[in-house]
Structures are given as C-alpha cells and as structure tokens.
Amino acid sequence: MVYAVFMLLVLLTLAAAWRGPALELPLFLVTVAWVLVHLVLDMTSPLSLSF
Amino acid sequence: MNRPYLAAATLNVWVLVLVLAAAFAVQLILGELPCPLCVMQRVALMLVALGPLHILLRARAAGTLTCRDAAVGNGITILAALLGVIASGRQVLLHILPGDAGFGAPVLGLHLYTWCLIAFGCQIAASAVMLLATAWIEEKPVAWRPTGVTTLAFAAIVAANLLSVVAEAGFNWDLPSDPVRYLLFG
Chain A
243 MVYAVFMLLV LLTLAAAWRG PALELPLFLV TVAWVLVHLV LDMTSPLSLS
293 F
Chain Y
122 MNRPYLAAAT LNVWVLVLVL AAAFAVQLIL GELPCPLCVM QRVALMLVAL
172 GPLHILLRAR AAGTLTCRDA AVGNGITILA ALLGVIASGR QVLLHILPGD
222 AGFGAPVLGL HLYTWCLIAF GCQIAASAVM LLATAWIEEK PVAWRPTGVT
272 TLAFAAIVAA NLLSVVAEAG FNWDLPSDPV RYLLFG
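Chains as they are written, first to last, in the numbering used here: chain A, 243 to 293; chain Y, 122 to 307.
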C-alpha cells in the first residue's frame, strides 16, 4: 500500500500543478523526502525490498 | 525558442509515459510482477515527469514560458532522477556479483533496472541541456495545445500503475521481495 500512497501523491501533485503552483512544490518535496527515507531505511536494515 | 522548448518538454513526458507503459506491458504480457525496488523506480519515473509537466502547465496557465518555471521544472526532474539513480543503482549492485542471473527477464540484453539507471542518467543530462537552453527563452505569449492530452496520458498511466500495485500488495503495507501473484485476489 505504501507504493500506492506514493503514486497517489504523484497524482495529487499533478492536480496541484494543474490548479496552480501553491501546493505543487510542497507536495513534490514531501513525496521525494518520503521515498528517500523509505529507500534509506531499507538500505540500512536487513534486505526487504528486492532480490 | 519557446515553442521548441515546450516541444522538448512534451516529448520528454511522452517518452516517460511510453517507458512506464512498456514496463506495464512486461508485467501484463510476460506475467512478471514488479518487485518493490522496481515499483520504486516507476515512482521515480513518475516524479521525473512532474518536471516537464510543471513547465507545460505553468506555460499554459500564464500564457507564456518563463525562465523561473523552466528552472523549477528542471530542478524537479534532477531531484527525482537522483532518487531513481539511488533505487536503480542499488538494484544493479544487488545483482552485480558474477553468476547472478539478475531479477526478471533481460530486454535487449539488459535488465529493466539497468535500463532505468541509464534513463535516469539521460534525464539528468537532458535537464542540464534544458537549463542551458533557458538562455534563449523569450518571455512573450505562447500557445501550446498538446499540454492537455499529455497531462491526461500521464495521469492515466499513473492511475493504472496505482491500481496494479494495490492489486499486487492487497491489504499489506509493503510488497513481498519476490512477488509471484496478486495478493488482493488471494
């Protein structure tokens, strides 16, 4: 489900960009930060993402 | 220079839509379910596309292309592509040992995550060129009709991937590391 949430955030960022720039960049940065944290947490713990 | 700039941004989005569609086709036709790192790379590709879409949508709303919007759009692309480099680079390193067959079937001799790493590198290089090209942007009115259909095509491929990953994960927060079936359907 976490990946669906990431994609939902992409769609929300797109909708924000369509309506006006106010929310677009904050949403984009939140998504990037969350994806980065998800990747780094996986790298610093026993393998769980992929083989 | 404004119309070639917008044409390049539009082409970039369509290339990314086609890459995402090709990955989706591999999933549906070959029956290869994407692993969590593969899905992360798809998310990074989607985030990369938000850069040129920012340029297109701002030009559509303002009726002109500005250097500021072009810079922000290319910044979005570079940041997202770096995220993609981390995800795809990690997967390449996971399979770099001699004798490792890699994850999934190769396409044109390379695995999809290797193609992704190349694509993210190309995106960073393309954004650098687009940033250089802002030197020739003229801030005067410009009409660019393909923005609407380009945005809708991108939204459709993201929505399709969203439904696919919900079907794959079922009611679980994360995906199994080597998925073999759609958990939503038992």
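Just so you know, the hints here were simulated from the structure itself, not pulled from any lab data.
A quick note: this is a predicted structure, and the numbers were derived from the prediction, not measured.
Beta carbons: idealized from backbone N, C-alpha and C, even for Gly.
Just to be clear, a hint being listed does not mean it is correct.
Derived coverage of chain Y by chain A (criterion: at least 3 residues anywhere in the stretch with Cβ under 8 Å from a Cβ of chain A; other residues may be distant) [as the list claims (entries may be wrong)]:
| # | segment |
| --- | --- |
| 1 | 251–257 |
| 2 | 270–282 |
Chain Y side only, calculated, beta carbon under 10 Å to chain A, not exhaustive [what the hints assert, rightly or not]:
| # | residue |
| --- | --- |
| 3 | Ala143 |
| 4 | Ala146 |
| 5 | Val147 |
| 6 | Arg179 |
| 7 | Arg266 |
| 8 | Val286 |
| 9 | Ala290 |
Some but not every residue of chain Y turned toward chain A, in silico, with C-beta under 7 Å [to be verified]:
| # | residue |
| --- | --- |
| 10 | Leu139 |
| 11 | Val140 |
| 12 | Leu141 |
| 13 | His175 |
| 14 | Ile199 |
| 15 | Leu200 |
| 16 | Val206 |
| 17 | Val263 |
| 18 | Trp294 |
We went through each hint and held it up to the structure:
1. Residues of the segment 251–257 of chain Y lying with their CB closer than 8 Å to a CB of chain A number 0, which falls below the three-residue condition for coverage.
2. Chain A is given as covering the segment 270–282 of chain Y, and this holds because 6 residues of the stretch bring a CB closer than 8 Å to a CB of that chain, at least three being needed.
3. Hint on Ala143 (chain Y) is violated. Least Cβ distance to chain A is approximately 17 Å, over the 10 Å limit.
4. Here the hint on Ala146 (chain Y) is broken, as its CB sits about 18 Å from the closest CB of chain A, past 10 Å.
5. The beta carbon of Val147 (chain Y) comes no nearer than 16 Å to any beta carbon in chain A, farther than 10 Å, and the hint placing it at the interface is violated.
6. Residue-level restraint check for Arg179 (chain Y) holds (minimum Cβ-Cβ distance to chain A is 7 Å; threshold 10 Å).
7. Among the interface hints, the one on Arg266 (chain Y) is violated; its C-beta lies about 16 Å from the nearest C-beta in chain A, farther than the 10 Å criterion.
8. Checking Val286 (chain Y) against chain A by beta carbon gives a least distance of about 5 Å; that is within 10 Å, so the hint holds.
9. The closest approach between the C-beta of Ala290 (chain Y) and any C-beta of chain A is roughly 5 Å, which is under the 10 Å cut-off, so the hint is satisfied.
10. Violation of the interface hint for Leu139 (chain Y) is found here, the shortest Cβ-Cβ separation to chain A being roughly 17 Å, above the 7 Å cut-off.
11. Here the hint on Val140 (chain Y) is broken, as its CB sits about 15 Å from the closest CB of chain A, past 7 Å.
12. A hinted interface residue such as Leu141 (chain Y) counts as satisfied when its beta carbon comes closer than 7 Å to some beta carbon of chain A; here the least separation is about 11 Å, so the hint is violated.
13. The beta carbon of His175 (chain Y) comes within 6 Å of a beta carbon in chain A, closer than 7 Å, and the hint placing it at the interface holds.
14. Proximity of Ile199 (chain Y) to chain A is violated relative to the hint, the smallest CB-CB distance being about 11 Å (cut-off 7 Å).
15. Look at Leu200 (chain Y): its Cβ gets to within about 6 Å of chain A, closer than 7 Å, so that hint holds up.
16. Hint status for Val206 (chain Y) relative to chain A: violated, with the closest Cβ pair at about 11 Å, above 7 Å.
17. Checking Val263 (chain Y) against chain A by beta carbon gives a least distance of about 18 Å; that is not within 7 Å, so the hint is violated.
18. Hint status for Trp294 (chain Y): holds, given a least beta-carbon distance of 5 Å to chain A, under 7 Å.
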